[in-house]
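With numbering that gives the first Met the number 0, letter number 63 in the sequence shown gets 62, and the count goes up by one each step, no holes.
Quick caveat, the hints were computed from the structure, so don't treat them as lab data. These numbers come from a predicted model, not from an experiment. Built from N, CA and C at the ideal position, the CB exists for glycine as well.
Result set (DSSO-like, lysine-lysine): computed pairs, CA atoms no more than 30 Å apart in a straight line:
#: 1; residue 1: Lys57; residue 2: Lys41
#: 2; residue 1: Lys105; residue 2: Lys45
#: 3; residue 1: Lys45; residue 2: Lys96
#: 4; residue 1: Lys38; residue 2: Lys105
#: 5; residue 1: Lys109; residue 2: Lys39
#: 6; residue 1: Lys38; residue 2: Lys96
#: 7; residue 1: Lys109; residue 2: Lys41
#: 8; residue 1: Lys57; residue 2: Lys39
#: 9; residue 1: Lys96; residue 2: Lys57
#: 10; residue 1: Lys38; residue 2: Lys109
#: 11; residue 1: Lys41; residue 2: Lys105
#: 12; residue 1: Lys96; residue 2: Lys109
#: 13; residue 1: Lys96; residue 2: Lys41
#: 14; residue 1: Lys45; residue 2: Lys57
FRET-style restraints, in silico, Cβ to Cβ:
#: 15; residue 1: Asn85; residue 2: Leu7; range: 40 to 46 Å
#: 16; residue 1: Glu88; residue 2: Ile4; range: 41 to 47 Å
#: 17; residue 1: Leu9; residue 2: Lys38; range: 37 to 43 Å
#: 18; residue 1: Lys41; residue 2: Thr2; range: 56 to 62 Å
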Amino acid sequence: MATAIICLVLIMAGVLAIRSYRKRLTTGCCGGSGEAAVKKIKVSDKDLTHYPHRRVLKVDGMSCGNCAIRVENALNSLEGVYARVNLMEAEADVRMKQELSDAVLKETVKDAGYTVYRITPVNDSISQ
Numbered sequence: 000m001a002t003a004i005i006c007l008v009l010i011m012a013g014v015l016a017i018r019s020y021r022k023r024l025t026t027g028c029c030g031g032s033g034e035a036a037v038k039k040i041k042v043s044d045k046d047l048t049h050y051p052h053r054r055v056l057k058v059d060g061m062s063c064g065n066c067a068i069r070v071e072n073a074l075n076s077l078e079g080v081y082a083r084v085n086l087m088e089a090e091a092d093v094r095m096k097q098e099l100s101d102a103v104l105k106e107t108v109k110d111a112g113y114t115v116y117r118i119t120p121v122n123d124s125i126s127q
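Modelling step: build the complete structure from the supplied sequences, incorporating the hints.
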């Protein structure tokens, strides 16, 4: 009897895993169920010389383009911030007009549903 229950649980888990995998293949991990793709927040000032402060954030939990846009939008919604996210590197390049604390940056990303596990200050603020 116990063997039958264990087999049933394993079969159910397999079915759920296959359904989840199929959904991700067709709709992406977080833009599914027919939802439109996440729209980017446009930053009006893209002149990098106006952003003397820079941090690179290593972000955990991003798995698709919509995830990257959500992190980018969260950071770009902060006053005086211009952020670009590299999904393949799991990094957010954050440029700031006025320096923001690491805690503010971490909390902003956390509120978007992701985790910052390292913040690296970058001294060369004008490089792309």
